[in-house]
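Read top to bottom, the protein sequences are chains E, A, X and B. For any residue, its number in our numbering is found by taking its place in the first sequence, counting from 1, and adding 159. For any residue, its number in our numbering is found by taking its place in the second sequence, counting from 1, and adding 1239. For any residue, its number in our numbering is found by taking its place in the third sequence, counting from 1, and adding 190. For any residue, its number in our numbering is found by taking its place in the fourth sequence, counting from 1, and adding 24.
In case anyone wonders, no lab produced these hints; they're calculated from the structure. Since the structure is predicted, the reported quantities are computational estimates derived from the model, not experimental observations. Hints are all accurate, no fakes.
Beyond 12 Å from chain X on every Cβ pair, some chain A residues (computed):
1) A1273
2) V1290
3) K1374
4) V1419
5) V1420
6) D1465
7) M1496
Which stretches of chain X does chain A cover? Using the computed rule of at least three CB atoms under 8 Å from a CB of chain A, they are:
8) 235-245
9) 269-275
10) 281-294
Chain A regions said to be covered by chain X (calculated; three or more residues, Cβ under 8 Å):
11) 1520-1527
12) 1543-1556
C-beta atoms are modelled at their ideal positions from N, C-alpha and C, and glycine is treated no differently.
Below are the chains, spelled out letter by letter.
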Amino acid sequence: MASAEVSLKIAAPMLEVAQTVREQGGEQLKECYQCGTCTAVCPWGDLRSFSPRRFIELARTGLEGFENDAWTCVTCKRCWDRCPQDINIPQLFQSVRRILLESNSNPRTLNQPLGSLRAVGNPWGEPIEKRETWARQAEVPVYGPGVEHLLFTCCTNDYDARNKLDSRAIVEVLRAAGASFGHLGNDQRCCGDLAYTAGDTGAFEQMREANRATFGRARPGSVLVTSPHCLHAFRNRYDDPEGRRRDDGNGRGETRYRHVVELFAEAIKSGALRPTRKVTRKVTYHDPCYLGRYNGVYDAPREVLAAIPGLELREMAHHREASLCCGGGGGGVWVETAKGERLGDLLIREALAAGAETIATACPFCVQMLESSILSFGLEEQLKVATVAELLAESLRPGEG
Amino acid sequence: MGKLNVGVYWAASCGGCDVAILDIHEKVLKVKEACDFFLWPIAMDFKYADVEALPDKHLDLVLFNGAVRNSENKHLAELLRKKSKLLVAFGSCAHTGGIPALANFTTKQGIFERAYLTSDSTDNPQKVIPKTKVKVPEGELTIPEFFERVFALDQVVDVDYYVPGCPPNPERIWEVLAAVVTGAPLPPKGSVIGAGTKALCDTCERKRTGDKKITGFKRVATTDWDPEVCFLDQGLVCLGPCTRDGCGLQCVQHSNMPCRGCYGLPPDISDQGAKMIAALGSLIDAKDPEEIARIAGELPDQAGYYYRFSAAAGLLERRKA
Amino acid sequence: MSEPRIVAFLCHWCSYTGADLAGTARIKYSPNVRIIRVMCSGRIEPQFLLKALREGADGVLVCGCHPGDCHYHEGNYKCLRRFLMLRQMLGQYGIEEGRLRLEWVSASEGDRFAKLADEFTEQIRALGPLGGRAAFVEGTQQGGTSWAS
Amino acid sequence: MTKPSGHRIGVYVCHCGVNISSVVDVTEVAAQAAKEGDVVLAKDYKFMCSAPGQDLIRADIAEHKLDRVVVAACSPRMHDDTFRGACAKAGLNPYFSHMVNIREQDSWVTKDKALATQKAVALVRAAVRRVRRHEPLYSKEVDVQPGVLVIGGGIAGIQAALTIADGGQHVWLVEKEPTIGGHMARFDKTFPTLDCSACILTPKMNAVGSHPNITLLTSSEVKDVSGYVGNFRAVIETRARYVDHDVCNGCGLCMEKCPKKVPSEFDEGLIPRKAIYVPFPQAVPNKPVIDRDACIYFQNGKCKACEKICGPQAIRWDDQPKTTEIQVGSVVVATGFEMYRGPALAELGYGKYPEVYHALEFERLNNASGPTEGKIAMRDGRTPQSVAIVHCVGSRDKKYKPYCSRVCCMYSLKFAHLIQEKTGAEVWEFYIDVRSPGKAYEEFYDRIREEGAHLIRGKVGQVTDQALTDDERGKLIVVAEDTLAQQRLRVPVDMVILSPGLASAPKSLAVAQLLKCSTDKDGFLIEKHPKLAPIETATDGVFLAGCCQGPKDIPDTVAQAQGAASLALQFVGKGKVLIEGRTAWADDQLCSGCRICNSLCPYGAITFDEAKKISVVNEVLCKGCGTCAAACPSGAAQARHFKDDQIFTEIEGVLAP
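This is chain E alone, in the form it adopts within the complex (with noise of 0.2 Å):
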């Protein structure tokens, strides 16, 4: 018999995806009213198309199409700082990126450092009992009693080898000030926080169950942290973790958490540290997405940089609140992406636009991110990356700079 073979293009709501979608944390989708504030604002903006009014009209209509862009978002904040109905929009990714993991239609490169999070507890695949190397030959004290801060470190801090530098500067400014300090050994765990934005909810609560545990034995009264991204996680993340509450972590428990350079600052302002040394560079501070818009930490950094002698600060023409992003957030720093259409590389190009030759930060995500841009650019002449507490370390060293 014959057969008209038509073929028909129709695209159907599926309710149950959206159903499920919402009931997965993304609830105020339903709010969203598709001004495309979010598509104007996003830092991917002007490398790819990219549009979060999209990824939320598809996604609370169940039409195919969103899981494409799940893990675009580097969940940076300037979207829900902006959006005039409030919604979190990072956490409507991340519950999109629940559903996609489980039914593991994730980016493979994800695989890894997830699974190594499960295993070891830490992204990179580290074994446990490296951790503390580099703290045992900086001749760190083990945090015990008596000791007024807990140095937490990031497991990038810990295993990177470049952002152990970062770490040996923070343990050279912390001794500079006089700090009582001590380290978690091989006992600390990964905060978690990438994980959660990452979509591996279950992940997250087995890092935080561990830190909580750790922190429950040593009972901290102050705890440093040396990335945005811990900082979030224990101040906001662990009891709200879609991370709506942002205050200091002083009101409840009777811990502190704190990142290393709001101490910097502190000494500074008392006197404990004095930086003498000339460190004569133009430098351009990139603020973190994390302790930026997420934790409102843009004083701290710059008045460590304004305290150095020599050191000659210029803002990029996106800065503080309207900052850009390193990428590295949500996961981002685990995703392959072509040189070239890296949210770093438009830091780069503001940085030199800025005049700048070393481009500071506070974080170690941003450190990779922006130190592999530069890399693939070839400008490891023109530009450095360096944190706050590098550069504050060196104008703390005796001599003439």
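Here the structure of chain E is known, so what remains is to put chains A, X and B in place on it, guided by the hints.
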């Protein structure tokens, strides 16, 4: 008019009401001239049997102080009702339960466990708990039965008048006695006598404003306060606004302490605690439920605060365990 | 088991109108809820709630205008504050928090009132009867009346 | 059953056709009611609210000497007044009746007939017990003062004042600025008709200035309002002007001679004005005032240039603020709005890039009497080749103003038309949704589209000067997503106009507090009923006109102003007002003067009698909410018709076994 036949009895009470009668000082001599006493355990030696032997309505006046806590209290209440013409609930305990009735927020079992087993000063390895009847080799011993709750006098027998206070103000006592002695016309049965008809603030002279706002409840133990200014204006809970006047401002003015409510509720309200909540709640300066709950939570024992002297006479009682 | 007995105090402007709307829309709900109308939830005072429990109510529902909508400006907030304080205190009487409920119901929320009535009835059914005067430890007679009266 | 108290109660159970009787067994309800104490008769009837139904009650009151009436029927919201009226006609105090709601709250909401009947019996029983405790209540009649106070001299206040004055009542029009005219005086054209704002407003302003029934008080603010319904006493403070307007002839020489320039508020600071000034040429009154903060003489004691030139000698250096006390019967609030000026502007480059303007700046830029005499030009004088207009700045945004301001879409479209007409520039409008619900508004929207403006559906996220291409160099780049084309756009333009929404005027809040009117969370005054009383307020005799109640356009403002004026005229014209008897009172035999109730009354009806040391309820101001009665810890404050014992008996009734 001849001498009055009088009885004074203490049930569950501290004895303060009896002392208050003696506090009328030299007038006590006039009392003696005017009255013959047939029972007054704190002052004179009579036996219950003597009272039981009296003819019914032999006593012109009985001042009954103390709440009804056990079967002995109840027996005497019934006995004195039978033997008296005028039975007066004398003092807070007889009037509204008083301090003993705070026990109504717990159970008999709870009280016994605390008193005989768990308190820090208890040494009771055999875990002996009082029983109404105990067999001993010599025979059966009985002690009065401890009730599940404390009663005000009128919850057990019919009462003619109420004299509130913990204790009643001696001047008011004299006025009451004088009225009975002189045979002046008495108010309607059931009246509260020896007290005012408005709330305490009527005579309180502390300065107060019309713009009260409660942002938190302060505690007497941890606060300094202005001796001239209304306690409520300073965030201290004072029960004056819903307590009957007549005490002579012993606490609020003479002792600079907030009113705790011993004169009981003023005439036109039904429940001292509910009314105090209505008043305080209206003044709390917060709109967020969490903030309101936090402020309210600063008074950990609300019931104990508002019903310190009237726990037996509120609209509600504690639910049966 | 006896049916739950529920007294509801509703403000005239929003909640009572909302309850009327449930009727106009013919939405069926539990007949256990007996409504007493007052002009404003600010008139509702703890004495009413205690009285209702004493007279045999197993639960008491209080409804007023949504925050910001009170016809008399802020009566609903006064109601809310008294309500929260009373509910805290009633724990000392051995009365479960769930027996008292305060909800804001607007004049347009007929369906919500009906749903609330059903829900609250079920909530009280689950808690079981309170039992009125008999539930409380023996009598609750009143003290005296005034000298003046 | 309760003990009889000697009352004679009649109970009537309505069938309401079959609305009630098909579910509730009305005869059973009547039979049960008859068993209650004091009930001398209990009847059921087809339609109680009908004339024969009401007659039945009246006849029974006469024949059976009923002193209380209970009607079980529909909602008291529907027919309470009907049955009160029936009682009143039979000589019974209307408040001796009570309605039981067995339709909306029983037969219509209950499935089970037996349970519905049981519920009706309980409700009727409660009513019978309650009605015994009812007390007679009487309405009071209060005189109303003549005269109306209009607060605010924008188009709303102007229109209200003219309507009232033409209606024969005296008006005090109070305006805080040195001239009336408000926002409308600053516009060049009005949408959608594009008629000239000045042409239609100026005649009205002049009419206000010369109307014999209007006392105009500019540079003035209402400082205090006391009194009660129909009898308001207002205290108005007029700032020192330092110019005697009775002497000044308005020649304007002083303004020419004054050496001191400061940014003109009227022109949004785009051009300067002098320290002695009139805000704009058509101002009413058209006589100058001295800005003390700007004046050189007040700074250092020298200058006096204005005094030297003034022919009629009108300068008064020692001028002092004046207070005027007036008595009025009614008040019209017309305090208007302020344009939103919050952080949403800075987010889009306002203040950072000179070519980013807000709507009021553009209105002045485009105004024939404005800084450029109506030429649309950039700061360097060039004519823009391309202009972006950004909708919803601060509006429809939960962080700032969550509501839609209603006029921004339309005025933005008007801008598009004016820019294209005057400059031929490319116009890009960025919107979320275009809202054009008004007469001829949608047609205007059509017209703008046809004229060629680019309408882009997408909210602007950034305005930047960071060029990525040569085309963008030297321009402002507006970044938005065209949500229909699903493309992120970067549009290079010469000029950006932000269209902020309307926010409440801070002064409105102060005025609302003086008048005991409430404001919503956005600071707008709340009307008595959003649908059926949109002009009245919860305070009797106080009416609303214009944007103080919420954002609205000029036609709606004028309509509301005329509505407010006619209500004020009606209110004042009657000369009397009835006050309901269902109020609170404080029993002086019980009040101990604790003052707990003093601050609770939303209408300020409770005052403290310092002599007697007790609180007193002004029953004229009281609206009977009962908050004071609930809060009074000694039972002195009582709410008539909702007294403790009345509610207690109702509780006993609904719960009686």
